[in-house]
Amino acid sequence: MTHRFSARQTLIHAILILGALIVLLPFYVMLATALKSPVEIASGTGGLFGAQAPMVSEDCLMQGGAEAACLTRPVLDNFRQAFTKAPLWRYMLNGVIVTAAIFLLQTLIAVPAAYALAKLKFWGRDAAFALVMFCLLIPVHAIALPLYLMLAHLGLTNSYAALILPWIVSAFGIFLMRQFFLTVPDDLIDAARMDGMGEFAIIWRVMLPTAIPALLAFAIFSVVAHWNDYFWPRIVITGDRSLFTPPLGLREFKGDLDGTFYGPMMATALVIVTPLVAAFLVAQRRFIDGITLTGMK
Amino acid sequence: MATLELKDITKSFGDTDILRGVSLEIADGEFLSLVGPSGCGKSTLLRILAGLESQSAGSVHIGEACVDGRRAADRDLAMVFQSYALYPHLTVAENIAVPLTMRRLRRADRLPLMGALMPGVRRRRADIVRTVREAAEILDIAALLDRKPGQLSGGQRQRVALGRALVRDPAAFLLDEPLSNLDAKMRVHMRAEIAQLNRRLGATFVYVTHDQAEAMTMSDRIAVMMDGELLQVGTPDELYDDPADIRVARFIGSPAINLLPVETDGAGVIRLTGRATVLRAGPVPVAYLGIRPEALEPCDRDPLLSGRARLVENLGSDLFVQLDVPEMPETVTVRLPSDARGKIAAGDLMHLRVRPDRVRGFDSMGLAAPFGAEALADA
Amino acid sequence: MPDTPRLNRPEHRQARAGSALIAPAVLLLLVILILPVAVAAILSFSDYTLGRSGIGWVGLKNYADIFTRSSYRKMITATVLYVLVTVPVSVALGLGAALLIRSVRIGASFYRTVYFLPVMASLLAMAIVWEFALHPSLGLVNRTLAQGCGTWLEGWPWFARGCAEGFPLWLSDRDYALWTLAFIGIWQSFGFNMVLYLAGLTSVPRDLYAAAEMDGVRSGWARFRLITWPMLGPTTVFVVTISTIRSFQVFDTVEALTHGGPAKSTYVMIYAIYEKGIAQNLVGMGAAITVLFLGFVMLISVAQRRFVERKVHYA
Ligand SMILES: Nc1ncnc2c1ncn2[C@@H]1O[C@H](COP(=O)(O)OP(=O)(O)OP(=O)(O)O)[C@@H](O)[C@H]1O
Ligand SMILES: [Mg+2]
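Residue numbers (the numbering used here), protein chains in the order written: chain A, 472 to 768; chain B, 38 to 416; chain C, 6 to 320.
Chain A with its partners taken away, still in its complex shape (with noise of 0.2 Å):
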């Protein structure tokens, strides 16, 4: 403790912090957008917060509103715009709709399937488990082209089954869960049956309850995987809005001009980003024991 601010440290702190800054500059840049007026968006002033003087939105004009209706602050005016260019509330629901069905979906599938390998004998078991093995190879989004077609051919691109049916099953998440359960003594099992509980019971209420650690962390890796998801809702959903997830909505406000709404797109971007980037401040030890136990399986 006596060397606390040796030179030593300070030099690491130094190259900590100018790390830090780097990685928070588009975080900067995201939120002091979304904060400022077009003016000083376009003349980089402002600072973090913008001067926040009363302007009048050119938007609302556009719109057709009285030009005393449409004095507004910077700030107010980029969320409005957000929200109401594009219904961003229904992008929101989306995702949350997508992400939840799969996880639960995923659950549903995945830890029958991890009890069964753990811990039931029955014919077939070595060769279905070398079948999750192998399919722990195959990205799913490296097959997004094959899997597109057979939506295509069964008439379900753009709906919410193909943005949740290719993901139900997660070789992964039984994997995880298997090797969990591995660890789970026979003896309780065996306690479980002599106390009257068929394998259905054993399932949901003594190997779930004492797989809650790995659950919660397949469900923090699945739900940040799905959410932030971009790629395979680009390709099923074409068009429909309704059916956009966030990441899908915020790249149609993007448009490919240059859009010159950078207030309003970075607000939505900030919209975005926050739920999973505040659950991860909240609770950051599970997010990150969670991640580090699904990634080092």
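Because the hints were derived from the structure by calculation, they are not lab data.
Check the hints yourself; a few may be wrong.
As the list claims (entries may be wrong) - Partial list, computed: chain C residues near chain A (C-beta under 8 Å): (1) 55; (2) 59; (3) 62; (4) 122; (5) 282; (6) 287; (7) 291; (8) 298; (9) 300; (10) 303.
The beta carbon of each residue, even a glycine, is placed where N, CA and C say it ideally should be.
Since the structure of chain A is already known, use the hints to place chains B and C with the ligands on it.
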């Protein structure tokens, strides 16, 4: 309460026979211990009895009924496991209640919200709570009911596991090495408690252990098992005094019995290291003499054997002396009363004789071989 | 047990339950993962397009195109270059950050949180933010660089040229675009590697360092070479594999910022699959690239498993 009966049970895993024709009857209310070295098939037998595994051949009866093909939950047996097998996410009270909720409440009743609305559920739930509390009081864990298993000591966990078995009021209790995870002191304590529980409940107990001391102290009867076979079933005294097999003799008793290789000559005289003894073999030639350490005593003339003390172990109440006897492959252990303390030291020459009624003979196959009538008359 | 119905045996009940519980998963794995691989493999020999009935078989033509046409050669170059840049840098930064964070006495959890933030944030959203930050005139980056003009920084020729002729267009300059995307990829992923390395570091027994101290190992570098790096071996194998597979799959930044351009300098494989197979409906070509891509990715995973199998086995 019920009798248990195993009829000619065999079990094989692939080519290996784990159990080879085990037959055993256990009386109502009896405390029967199943002992044997590790890997002899004790747990397998118990699991077959419980219905967790099936036998390859033979049948299991509980009370009057043949229960083959009946699932474990429907056999009305409770089992206590070596690792306690408590549900880690449930409190002690919930753990103990599980067998009751699974039995007394129907599936719909157990649903979180709906269940409360079902007719009679509230009363049945109250019954369960009361039963759990009673069991907890019997086992002296009423103060722990709200804790999770992770917050309990080994002994407390063991009691909870017993409680979970107790609340069901089963036909019989099956216990698979329930004490082997406890420290020595706790083990002795729980040993007494479990034996008391058996008397208090009057229920049938089948108790698996590889510790012969546990079996000797707790049981009405002991079944000794080796390599998938029952060698002998009997009271602790019978097993100690009249082992039917040399392996039983070796397994029961601590310190171990002395087994002296001998020869039986044409006239039936048993010769130890070439010298004739007073013992006469019966119809079957005797190949080994089994002598408990306390059956040997020092003497001045006509000793059965003589040797030099190699090691003197003073336990306070007794003195165990290990002797090197010429031409004997192993040392011979003698128990002396405590007043021999200080009178004997390593290196001393000792002459020993034996109380003939305490000697047992075994033939070359290891089976008990009774002595001829004269031998006993000589005593 | 001749007199008991075999089906009532506990082993049979278990076996039935096991088959029933695994069946949905196996079925779905076959349909969702294995079948598409087969479909891609078959279609890669065809000129199939969605919506047209009938299918024409073209043999190895699609594969031949990949290896002869310059646009596909550029695709492979761009992909490999992207991976070869992102993986080593993000792994090294992850390890470096982990080591530095372990050695600070205060603020470790602050740095960890900050560095991990990009992993949580939608890459697409952050790519769009980066695009704005890198905007030639409005962007924070070039504006900040411009403030360095007229100072000692002009002694650096690259910087002087930037001041004279304008700083790079980052995303629309073929010499910079791939590097800029790689930078964003690294920015996004090194925090993940850092977290894995932090976990790996906690599993290095402290006693080893004490023992090394006793053996006269003084310098930090020597300690690193002797203990830390070897003990982190399994972590490194894993981190390298997962980083490689992830960076092979880069798509969001490419699609949103460069569309594979300029001059196909950022035309990575997943984007090519998307553009050919889906946007342009040249399914056969897309399928061939898919097969090639799967080959790459599986090769890496299998190599990793081989590497690790000697120490860890999953049974
Ligand atoms: N599922 C199985 N497959 C193959 N062999 C088995 C199986 N279960 C048990 N065995 C074998 O059967 C033998 C008896 O096992 P069991 O568990 O009954 O022994 P035990 O007497 O309880 O031993 P311990 O005192 O160590 O618990 C052992 O050799 C064991 O390896
Ligand atoms: Mg056992």
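Can you give the numbers of the hints that this structure goes against, from lowest to highest?
Violated hints (numbers, rising): 2, 3, 6 and 9; every other hint is consistent with the structure.
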